[in-house]
Amino acid sequence: MEVPKDQMAMLLDNDLFESAQILGCFLVSHAPTNNESNPYLKAENLVLQGDALFGEKEYRRALSLYKQALQHCKIVPKQTFATSRSSLSTSSRSSSPNSLNMSAINENEVKFKITLCHCALNENRAALAEMEGIPSKVRTLRMHLTMGKLYRISRHNRAAVVCYKECLRQCPYVLEAIAALAELGVTSKEIISLFPQTPKGAKPFFDHPDTTRWLHRYVEAQCCIASNDYRGGLEHLSELLQRFPNNVHVLLEVAKVESIIGRADEALMIFEKVRAIDPYIITYMDEYAMLLKAKSDQAKLNKLVHDLLNIDPARAEVFVALSVMWERKDERRALAYAEKSLRIDDRHIAGHIMKGNLYLSMNRLDAAVSAFRSAQELRADLRSYQGLVRSYLALSKLKEALYAAREAMKIMPQSAKALKLVGDVHASNSSGREKARKFYESALRLEPGFVGAALALADLHVVEGRNKDAVSLLERYLKDWADDSLHTKLAQVFAATNTLLEALSHYQAALRINPQNEAAKKGLERLEKQMKGMDPDAPEEDEDNDVEDAEGDQEDA
Numbered sequence: 001m002e003v004p005k006d007q008m009a010m011l012l013d014n015d016l017f018e019s020a021q022i023l024g025c026f027l028v029s030h031a032p033t034n035n036e037s038n039p040y041l042k043a044e045n046l047v048l049q050g051d052a053l054f055g056e057k058e059y060r061r062a063l064s065l066y067k068q069a070l071q072h073c074k075i076v077p078k079q080t081f082a083t084s085r086s087s088l089s090t091s092s093r094s095s096s097p098n099s100l101n102m103s104a105i106n107e108n109e110v111k112f113k114i115t116l117c118h119c120a121l122n123e124n125r126a127a128l129a130e131m132e133g134i135p136s137k138v139r140t141l142r143m144h145l146t147m148g149k150l151y152r153i154s155r156h157n158r159a160a161v162v163c164y165k166e167c168l169r170q171c172p173y174v175l176e177a178i179a180a181l182a183e184l185g186v187t188s189k190e191i192i193s194l195f196p197q198t199p200k201g202a203k204p205f206f207d208h209p210d211t212t213r214w215l216h217r218y219v220e221a222q223c224c225i226a227s228n229d230y231r232g233g234l235e236h237l238s239e240l241l242q243r244f245p246n247n248v249h250v251l252l253e254v255a256k257v258e259s260i261i262g263r264a265d266e267a268l269m270i271f272e273k274v275r276a277i278d279p280y281i282i283t284y285m286d287e288y289a290m291l292l293k294a295k296s297d298q299a300k301l302n303k304l305v306h307d308l309l310n311i312d313p314a315r316a317e318v319f320v321a322l323s324v325m326w327e328r329k330d331e332r333r334a335l336a337y338a339e340k341s342l343r344i345d346d347r348h349i350a351g352h353i354m355k356g357n358l359y360l361s362m363n364r365l366d367a368a369v370s371a372f373r374s375a376q377e378l379r380a381d382l383r384s385y386q387g388l389v390r391s392y393l394a395l396s397k398l399k400e401a402l403y404a405a406r407e408a409m410k411i412m413p414q415s416a417k418a419l420k421l422v423g424d425v426h427a428s429n430s431s432g433r434e435k436a437r438k439f440y441e442s443a444l445r446l447e448p449g450f451v452g453a454a455l456a457l458a459d460l461h462v463v464e465g466r467n468k469d470a471v472s473l474l475e476r477y478l479k480d481w482a483d484d485s486l487h488t489k490l491a492q493v494f495a496a497t498n499t500l501l502e503a504l505s506h507y508q509a510a511l512r513i514n515p516q517n518e519a520a521k522k523g524l525e526r527l528e529k530q531m532k533g534m535d536p537d538a539p540e541e542d543e544d545n546d547v548e549d550a551e552g553d554q555e556d557a
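Residue numbering for the sequence shown follows the UniProt record's numbering, starting at 1 and increasing by one per position.
No lab work stands behind these hints, which were simulated from the structure alone.
No residue lacks a Cβ here, since even glycine has one placed at the ideal position from N, Cα and C.
It is possible that part of the hints are untrue.
Within a straight-line C-alpha distance of at most 20 Å, the following computed DMTMM-like cross-link-like pairs (lysine to aspartate or glutamate) qualify [stated by the list, open to error]:
hint, residue 1, residue 2
1, LYS295, GLU339
2, LYS410, GLU266
3, LYS529, GLU518
4, LYS293, GLU518
5, LYS521, GLU502
6, LYS189, GLU132
If you anchor each label on the Cβ, the simulated ranges turn out as follows [to be verified]:
hint, residue 1, residue 2, range
7, ASN467, LYS189, 48 to 58 Å
8, ARG433, ALA314, 45 to 55 Å
9, ARG347, ASP6, 23 to 33 Å
10, GLN298, ARG61, 36 to 46 Å
11, SER472, LYS435, 17 to 27 Å
12, LEU141, GLU235, 28 to 38 Å
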């Protein structure tokens, strides 16, 4: 009673993995193939059954079967062994078990399957060890790309560069290899030089000049972004958008850069455009969630998280978005979601930044520094520098805070946000306030609409007793920018100088623009008490009554 092996192969070809793995149980337990005198058939059947289990995502079981198959390969004479099914493609299947000199190729394919199982189980070190057992001459394009990723995860950057370069020599359209090489410091000129040259008499690899033009522009954009030349990167990406107007990938790259350099409004507009084009996209949607939270747009944030959970609840971006949503309600729950995102992908930058922000708000400052450093090692991002500066200032480590702020300014010399960060460090020390003022003014000259620098400068005026200068500055900005934070700050200055009606007007204006502005809500509540002649710092009467009632109840008992 033979078990039809060709039917097993057909099931696998049609992705009917459940049926295949059930049939595979009959195949591997069949008496003739169970006989150790026929290791070739046993190995072949184990690989087929392993493929079925891999398709069912039972990676640990598949891994075990692939390893057993390799053990049987060692028993079979080199000239007679050949598996009938290639690793993950159906195109290279061999129908003849007697084909010559195929042993090494097939053994390497099985090793690659073992690598993929280890990767799926997040066992990257074991995966890399398996890949290193495959000779470089027989590695496929996919093998080179997988090995590049594994080397990069293991921080073996030079080896990763070699693998990514080999990918581009074989196919210049492996765009993730281009991005990886740019991030690893390879220049655009060197990357472009890797693209295959056309041999004499052969068909050109690039059959149209437009192909080389846009691909070269893409390389230059990635290299600019990786080297923190964000302005140059945006220029190249804008040129690509003229050629490909609704390209979701390019739009997301632009939104990512806008987020990195702190241009939140521009980033929000692009993310909304991307969602309109493709409502099922998940990539970078956690960055969008962070921007929505910063804008206090809770309704859009809730809808975004609901949509993401319905699309794919297993992605790291979804857990970061959940963390963002829960941050104000339950910090511990939010932290659990951020940590879950990093268990899915420990190189997910937004997860590290979110984790750092939560540790900072929970006053776990050393843990916050560690989280922001982890994000910074993956990519220089303004938010990780801002988190580091805030953490170091809270730890009273002015020297470290200043170093981090200056590093941000060095990496992003055209960023007003980076200048403001240096000003914040100087403003924390009474002897550095004059320097802080100069940095804030420089930031405003570089970006006149930068409300954050205007607010910081207003705070500096108030601290030094120049309330009129603070009012004048804030009123000047309100003529051009109707921003709720400007109204709130102006209301706070008026309230401090006992100009209560003006303060009331500005608190109300802030809440009309943004009803979720917590600072304006608390300020208005405090102001109303002042206007009634009450002490705003006194405990609530209801609280006193509750205490008295509780005491009375105890006496009755």
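Between LEU141 and GLU235, does the C-beta distance stay in 28 to 38 Å? 31 Å, holds
Within 17 to 27 Å or not, the Cβ separation of SER472 and LYS435? Since the Cβ atoms of SER472 and LYS435 sit about 22 Å apart, the hinted range of 17 to 27 Å holds.
Tell me if the straight-line CA distance from LYS529 to GLU518 falls inside 20 Å. 17 Å, holds
That 45 to 55 Å hint for ARG433 and ALA314 (C-beta), does it hold up? 50 Å, holds
So if I understand the rule, the pair passes when the alpha-carbon distance is 20 Å or less; does LYS521 with GLU502 pass? Status holds; Cα separation ~16 Å.
Would you say the C-beta atoms of GLN298 and ARG61 sit inside 36 to 46 Å of each other? This hint holds: roughly 45 Å between Cβ atoms.
Is the straight-line distance between the alpha-carbon of LYS293 and that of GLU518 20 Å or less? 13 Å, holds
With 48 to 58 Å as the target window, see if ASN467 and LYS189 comply at their CB atoms. 56 Å, holds
Are the Cα atoms of LYS410 and GLU266 separated by 20 Å or less? Roughly 23 Å separates the two Cα atoms, so the pair is violated.
Take the C-alpha atoms of LYS295 and GLU339, compute the straight-line distance between them, and say whether it is at most 20 Å. 24 Å, violated
Holds or violated: the 23 to 33 Å window for the beta-carbon distance between ARG347 and ASP6? 42 Å, violated
Keeping to a limit of 20 Å between CA atoms, is the pair of LYS189 and GLU132 held or broken? 29 Å, violated
Of the numbered hints given earlier, the model fails hints 1, 2, 6 and 9; all others are met.
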